[in-house]
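Enquirer: One-letter residues, chain by chain:
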Amino acid sequence: DAGITQSPRHKVTETGTPVTLRCHQTENHRYMYWYRQDPGHGLRLIHYSYGVKDTDKGEVSDGYSVSRSKTEDFLLTLESATSSQTSVYFCAIRPGGGREGSYEQYFGPGTRLTVT
Amino acid sequence: LAKTTQPISMDSYEGQEVNITCSHNNIATNDYITWYQQFPSQGPRFIIQGYKTKVTNEVASLFIPADRKSSTLSLPRVSLSDTAVYYCLVGDIINAGNNRKLIWGLGTSLAVNP
Chain D
1 DAGITQSPRH KVTETGTPVT LRCHQTENHR YMYWYRQDPG HGLRLIHYSY
51 GVKDTDKGEV SDGYSVSRSK TEDFLLTLES ATSSQTSVYF CAIRPGGGRE
101 GSYEQYFGPG TRLTVT
Chain Y
1001 LAKTTQPISM DSYEGQEVNI TCSHNNIATN DYITWYQQFP SQGPRFIIQG
1051 YKTKVTNEVA SLFIPADRKS STLSLPRVSL SDTAVYYCLV GDIINAGNNR
1101 KLIWGLGTSL AVNP
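The listed protein sequences correspond, in order, to chains D and Y. Here this note's numbering is used: the first residue of the first sequence is 1, the next is one more, and so on. Here this note's numbering is used: the first residue of the second sequence is 1001, the next is one more, and so on.
Each computed BS3-like pair below joins lysine-lysine, with the alpha-carbon atoms no more than 30 Å apart: (1) D:Lys-70 x Y:Lys-1101; (2) Y:Lys-1101 x Y:Lys-1054; (3) D:Lys-57 x Y:Lys-1069; (4) Y:Lys-1101 x D:Lys-53; (5) D:Lys-57 x Y:Lys-1003; (6) Y:Lys-1069 x Y:Lys-1003; (7) Y:Lys-1052 x Y:Lys-1069.
Derived by calculation from the structure, the hints in this document are not laboratory data.
This is chain D alone, in the form it adopts within the complex (with noise of 0.2 Å):
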């Protein structure tokens, strides 16, 4: 598991409120991603981080912000939900050390998140 918790581990909320997601992880690693994982289109990266206040954008970031102030801790908010962000979200992180170009990375457990 690579030590990777997330919270809450399901949540219902109501269109429009702000939402937050936690990632926490216990070892330190630099690189952190949020991704969502929907029926028909796999795995879809968000955010990602590369170290503390150090954040990019991946291909579905609209609509979510992310923040990390510190090393183990990689916030995902949803600003305004909306019925589409309804979704299993994951937390990753990639080892210290990976190879540029290694993909290899460790997941939390999800998220299950329904907007009505």
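Chain D is fixed; fit chain Y onto it per the hints.
Expert: Then chain Y, alone, in the frame of chain D:
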């Protein structure tokens, strides 16, 4: 832009060898090809990655031809516990700044029967 193609599903029986192929054109020249396994209600689990030719670890082998336009994940002597979805992952260079886009396959659902 790189694209990956995998079979949607496969069936096998316990003890057989299973080969799952992912086609991927235009992938980043220096990037590895990576495979993951996912069980229901869990996050994907890293299985193996390789750059070219053959890589083997304790759970699988990965075969990559010289042109790197495909890769084949080989699972020897599968058991019921290998029933899962298997994903390939490659990278694509998206701009002159060498930024990459991660390209996940849509997954192959493997069913291992007794």
